[in-house]
Amino acid sequence: MLRILKQRKGIVTLEVIGASFIFLTFLVFATAVSIQILDTTRQGRGIGMATEMVDQILSENASPSAGQIGQVADTLLSLGYIREPDDYRVFIRGFENDPVDGHKQFYQADLGPNTTVASKVLAHDTMSGSPGIEIGENIYQIDIGEALYSVEIYSANRGKATGGNLPNYEIGVVISTP
Amino acid sequence: MTVVMTTIEWSLELYVRHASERSLAAALRVYSVTGDEVAAEDAARSATVYILNRCLEPLEFRLYDAILGEDLGDPDGGYVPTGTAADDAAVFARISLRCHWPRFTPAMIATMGKTMSHSVVGVTKMRQ
Numbered sequence: 000m001l002r003i004l005k006q007r008k009g010i011v012t013l014e015v016i017g018a019s020f021i022f023l024t025f026l027v028f029a030t031a032v033s034i035q036i037l038d039t040t041r042q043g044r045g046i047g048m049a050t051e052m053v054d055q056i057l058s059e060n061a062s063p064s065a066g067q068i069g070q071v072a073d074t075l076l077s078l079g080y081i082r083e084p085d086d087y088r089v090f091i092r093g094f095e096n097d098p099v100d101g102h103k104q105f106y107q108a109d110l111g112p113n114t115t116v117a118s119k120v121l122a123h124d125t126m127s128g129s130p131g132i133e134i135g136e137n138i139y140q141i142d143i144g145e146a147l148y149s150v151e152i153y154s155a156n157r158g159k160a161t162g163g164n165l166p167n168y169e170i171g172v173v174i175s176t177p
Numbered sequence: 000m001t002v003v004m005t006t007i008e009w010s011l012e013l014y015v016r017h018a019s020e021r022s023l024a025a026a027l028r029v030y031s032v033t034g035d036e037v038a039a040e041d042a043a044r045s046a047t048v049y050i051l052n053r054c055l056e057p058l059e060f061r062l063y064d065a066i067l068g069e070d071l072g073d074p075d076g077g078y079v080p081t082g083t084a085a086d087d088a089a090v091f092a093r094i095s096l097r098c099h100w101p102r103f104t105p106a107m108i109a110t111m112g113k114t115m116s117h118s119v120v121g122v123t124k125m126r127q
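Protein chains in written order, with numbering that gives the first Met the number 0: chain A, 0 to 177; chain B, 0 to 127.
Don't take every hint at face value.
[Stated by the list, open to error] To give a feel for the contact side, a few chain B residues facing chain A, derived at Cβ under 7 Å:
hint: 1; residue: Leu-11
hint: 2; residue: His-17
hint: 3; residue: Glu-20
hint: 4; residue: Arg-53
hint: 5; residue: Ala-65
hint: 6; residue: Leu-67
hint: 7; residue: Leu-71
hint: 8; residue: Gly-72
hint: 9; residue: Phe-91
hint: 10; residue: Val-122
hint: 11; residue: Met-125
hint: 12; residue: Arg-126
[What the hints assert, rightly or not] Computed spacing ranges between beta-carbons, pair by pair:
hint: 13; chain 1: B; residue 1: Ala-88; chain 2: A; residue 2: Phe-25; range: 49 to 55 Å
hint: 14; chain 1: B; residue 1: Pro-105; chain 2: A; residue 2: Ala-29; range: 45 to 51 Å
hint: 15; chain 1: B; residue 1: Leu-67; chain 2: A; residue 2: Leu-26; range: 21 to 27 Å
hint: 16; chain 1: B; residue 1: Tyr-49; chain 2: A; residue 2: Ile-36; range: 52 to 58 Å
hint: 17; chain 1: A; residue 1: Leu-37; chain 2: B; residue 2: Asn-52; range: 17 to 23 Å
No wet-lab data here; the hints were simulated from the structure.
Quick caveat, the model's predicted, so the values are computed rather than measured.
Heads up, the beta-carbon is just placed ideally off N, CA and C, and yes, glycines get one too.
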């Protein structure tokens, strides 16, 4: 009888340890998922704020410098919508017409906090894979004119998680007019 | 029982963090259109439930007449709304929402402190 009771006590102990392990694993998993969802929510709101900031900056200066536009990324960082300077990069692309159908991009500004100059697409042509595009001249002035623009945030972290260092996860794109 | 209480509290904390995001978004949306602090505060509170209402502090507002070169992350940047016609010149607003949650389970208090403090800050264009 005593032996059976001891055996049973051992089984119960094992059951408690097993259940606790499963419970803790679930708790950690649920927490991680919840934090990821919160991150995504914040990034989504961050992109909305970035667009409004760009909109306002353009209304105050029609040809802002890359540094002036770059304050958008600095603000997102200081408000906590971007966690680490190295983790995220903000791109602003200017379009001559519909950025979805026309793909007529005329500039691309990389506004990562570690980036000091922006790259510019010089030719008014299709966005990728077409002849006539010159990319790479460093500029300090962005002439936006009366075009559409998009603001995009890419997460380098997600890229690392999928095996590369390129920022390949697009969090949000918002199209607006200056 | 301790494990259950800790789980409940941790879940509530996560909920509070999520809910505070929604609250701030509601406050920003209303304030950008109306410029009314009370309406924004009401919107923030109505966007969530009783639990978050208990921990929410009054919203803090800052206005900007221009943002070019401004550090919108600076808590002392801009100016406090006066409620007068002078505020009409503002083109941008910054709203801070803070929530202080007194923890009640020993495990949470021992590992993370007596109070959870969560702060969310957002900016919006004024559309009045």
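Which numbered hints does this structure break?
1, 4, 11, 12, 14, 15 and 16
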